[in-house]
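Residue numbers (the working numbering), protein chains in the order written: chain C, 3 to 515; chain H, 14 to 350.
Do not rely on the hints blindly, as some may be mistaken.
To be verified - 25 Å max Cα-Cα, derived SDA-like pairs, lysine to any residue:
#, chain 1, residue 1, chain 2, residue 2
1, H, K344, C, G368
2, H, K177, H, L115
3, H, K344, C, S357
4, H, K295, C, Q434
5, H, K295, C, G368
Stated by the list, open to error - Cβ-to-Cβ under 8 Å is the rule here; a few derived chain C residues that face chain H:
#, residue
6, R19
7, A337
8, I353
9, A354
10, G355
11, E360
12, I364
To be clear, the hints were calculated from the coordinates, so they are not data collected in a lab.
Note that beta-carbon positions come from the ideal geometry of N, C-alpha and C, so glycine has one too.
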Amino acid sequence: MSLLELRSISKTFPGQRALSGVDLEVAAGEIHALVGHNGSGKSTLIKVLSGFHEPDSGSGPATVDGRGLRFGDPEGVHAAGIRFIHQDLGLADGLSVLDNLKLGTGLYRTGPAWAIRWRSERADARRRLTALGLEHLDPDDDVGRLGAVERTEVAIARALQDEDQVRVLVLDEPTAALPDREVGRLFTLVRRLVAGGVGVIYVSHRLEEVFDLADRVTVLREGVVVHASPVSAIDQRALARLIAGSDIVAPVRAGGLGDASGAEELLRFEEVWTEDELRGADLTVRAGEVVGVAGLSGSGVHDVPRTLLGGSRVTAGRITVGGAAVTELGPTALARLGVAVVPAGNHRKRIAGLSVRENLTISDLGPFWSAAHFNHRAERAEARELLDRFGILPPEPERPIELLSGGNQQKVYVARLLRTRPRLLVLEEPTQGVDVGGSADILRFIVDAAREHGVGVLLCSSDLEDLAGVCQRVLAFRAGRIAAELVGDAATREAIVEECYLAEGGPIHAAER
Amino acid sequence: MPPSAETGIATEGEPTKTPTARRHQASLLERFAGPGFLAVMFVVFTVMLPDTFPTYNNLIAVVNNQTITAMVALGLLVPLAAGVFDISIGGILTLSVIFSTLMFQTTGGDMPVPVVILLTLGIGILAGLFNAILVVRLRIEPFIVTLGSGSVFLGISQLIANGKVISEHIPSGFTDLGRSEPLGIPAPIIYVLALAALLGYVFVMTPLGRKIYATGANRDAARLAGVPTDRILYLAFMTSGVCAAAAGLLYAMRIGAGQPEVGGQYLLPAYAAAFLGSTMIKPGRFNVLGLLVGLLIIAIGINGLQLNGIPSWVIPTFQGAALILAVVLTKVRGRRH
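Only chain H is shown next, with the shape it has when bound in the complex:
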């Protein structure tokens, strides 16, 4: 908000004179500071590392490496926009990895690939439904529900995997889905862009998107205004569940194996990207484009630093700092009202 917003409180009969409504919308600087920062970072690394950084192979690899995080984060966007946390996504991702690979291994690779994919996505939806029932019916804090359920999903994964890595009889028809490169673009990037386009459409171009944002802004007031907030929460958790399951499938396709402790590493970057994204493009709202830019900022930042020979402890530090920075930016913005 521009500083003038604080004098913009109207009194009846004497409207404050603001030349345009635009004053109460985010400024261009605010909206595009994030993408601008991404561009600056890109230029800096290009200048510093002209031989390794700006190559097609490096950049496409950086982006491709973010596709699993992106898929988790895109799904996470729906509960966040609806005002609830879902931290069970790491557990659901793990469950999906183990469940899909185990189905191939136990059937000797005979189970049809589409069946495995659909069943695994179904598991994700069920996991989300489980969270939603606890949150909506029993009115338990989403944070607590998903903290617990995420751990339960992780536990179930370890139980069915019996603590071992599952890597046998994974058919190439399955792994090809994650490794092929139509037109030189890795398939995972295409999946992520398709999902991003779908979610972006829902958020911006449908009444459903508006209702999700209204639920997140003030659930009680939205409910009293006629928004079916309970149904929105069901939908939100089931969306993040199915997206986390899809991310797990993507992991299994790319790696061709299932490890029973894979999911945790995606939780923090997904949150960091979502919160960073909510400070740009449409500041104050969790939005798809912002999330993608946020994700790239983190990925390219880490990649550039690594190419400069900076050790691996930087990665979690960078991700955590990005998350905190995003929340700080939101606070500072709010205070200027």
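With the rest of the complex left out, here is chain C:
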């Protein structure tokens, strides 16, 4: 009999069905991998299980050990013995390991005058850590100074402090922050738990981990379970195809984008290493070309814009713009070279408190300023023209920026930088959180800029449709470097996923078993 059973879970958000009739079963002593691309519904499912989201009516039942589980009731979920380790771990840096272990439970044993009995608490913590095979953790260590693995271990130890009551442990991408060589240690810990009869739900992007660790695998795509089987019944390539989906319409290649191989080279990364994720990345972007960059989180795909913006220090290699080595990175230095970068995340672009007009023009106020006079009329006229050209709704220049929908805000940010006539435009997740119509508009602006003004575009995106749809070339990142380059019609959604998910040479952690 299954330890945990979820039956026909559906969840609808306004305007979007995140889960439809999802079933999931986890047996005692089983590691069950849950995989799917961004937006497939994995995290929604986890949040339904944790009680954060309430599923649509008609969902369920959910049972643990045959006993019913109420939805939307985090305490009930905890009482039923389900524990979660989320990707960000939820640790308090600056507090000790002991304090972090206590964060979950709240109570310390106290003596006279409510003084904490530190000695016995410390001994207790040490005993518990040892029981989990984590005797290398000192209860007095500052969590903020621990390495990534130790931090993950502290989070696990905290989730398991009442180990005898834990039935199911949910690990949400626990290895995303871990270097490869450290993953093995985590796996050893997880296997030890499973041997004690705990069921594990393991959410991961890394397919080789699924094959290393898991017994069963469930694949979600667009909120539906498209596959569930023992891991032994499937291979990595087939799994990657299931994640990508095979119902792919032929990519709508951007019309008129010609062969750019002879055009001027605008940006080049030569064997670039950074303190964050890049491990010898090589790439070029030429004028009039839209180049896609794909990859899982942690692969380096987001480190490209981050490096350009000065947020990730270059430790080796060279970045050139227009053939000349770049000596200074960051938005202002790059703007002087004609490079504009639109980062991901609304909060990094939205200048709330300024109107839509002011948000549009802030990157270049020069045209309105002459002879010690600011031409407000010209600014208003240009803002109105931009709203019209980029289809930004509502077309009211004086509206506070925060009252626009996400898609329209994103158009404002793209328009803001396209207006400065950059030679090279770097976009990070430009369509994230934007609806279909808005996404299509934004991609159209990008392609138009490349075609009509010869702008070189580097599109760093986890949206496969975008990449397959508009890019002449797609570069797939793995482990900080370009693992594959897909040119033209070869850059299908399926091919991109395969290149991003599959590791060369098969499972890399097999030796740990």
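Given the coordinates of chain C, work out where chain H should sit on it, guided by the hints.
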């Protein structure tokens, strides 16, 4: 914002129908409630005290008494608009008072007045630069930096003044600058209006002003949009520093002496005026006209109450209440979005 703003969030393809863009701008009532309140207060005090309050001498004295605060507050406006606190201005003001008077005293009044003025303003700029370096380079909270540096500047003032009041050999060529009354208007009022006009021009009529506001609204986003936010912060602290030094000079000119604990009293009214000012004329933004009106509300309020025989404890209470009220007004406004 009018209450309709909360339904104004647009969905793609279906723009909410708002007749004019004006709906998302501050209403007239909101913009001019402050000046209106000032006018009402003026009328009330005139009716209550027809003989003492509305006289030219009383009013010009009330305004003249606010010139030092106004100068500090105008300079403060730049860091506030750029989103950072500067509470070292009291310390810088004190340092300026002591430094300028001490230069006269030690030279027996022989040092040329323009040289003293320029050196003192230079001290203010250096003090601001010091704050800016700590905030920009070492990324320390501006509040903490300026809390500490303000105390340091105060300490240095007391050190060089040796704890004494400096009042010897202050030349009349210096004090006249603060005491003369061309065309019957005290000179300090003219200085303040000139500074206000300059700052108002920068804020409203130059790209620099826009960049200062953008830095204050979201420093990271502004930086990523190409605004040189670090340079803006340097400029902001140096402006508030030089203005506080100018205010110190004005104090020394008017009083003709330097006391080593003068600066603290100007900090709170400057903040109260700046925050009160940010609720009017251009609500939601620190602006020059709003600041001047805010300052007058506080000054005339206190003056009217004093003429009515209300004791002196009212002054700090009134100033503090004005500051809190201003922030409350801003919150209430924000919640209506």
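Quiz prompt | Hint numbers contradicted by this structure | solution = 1, 4, 6
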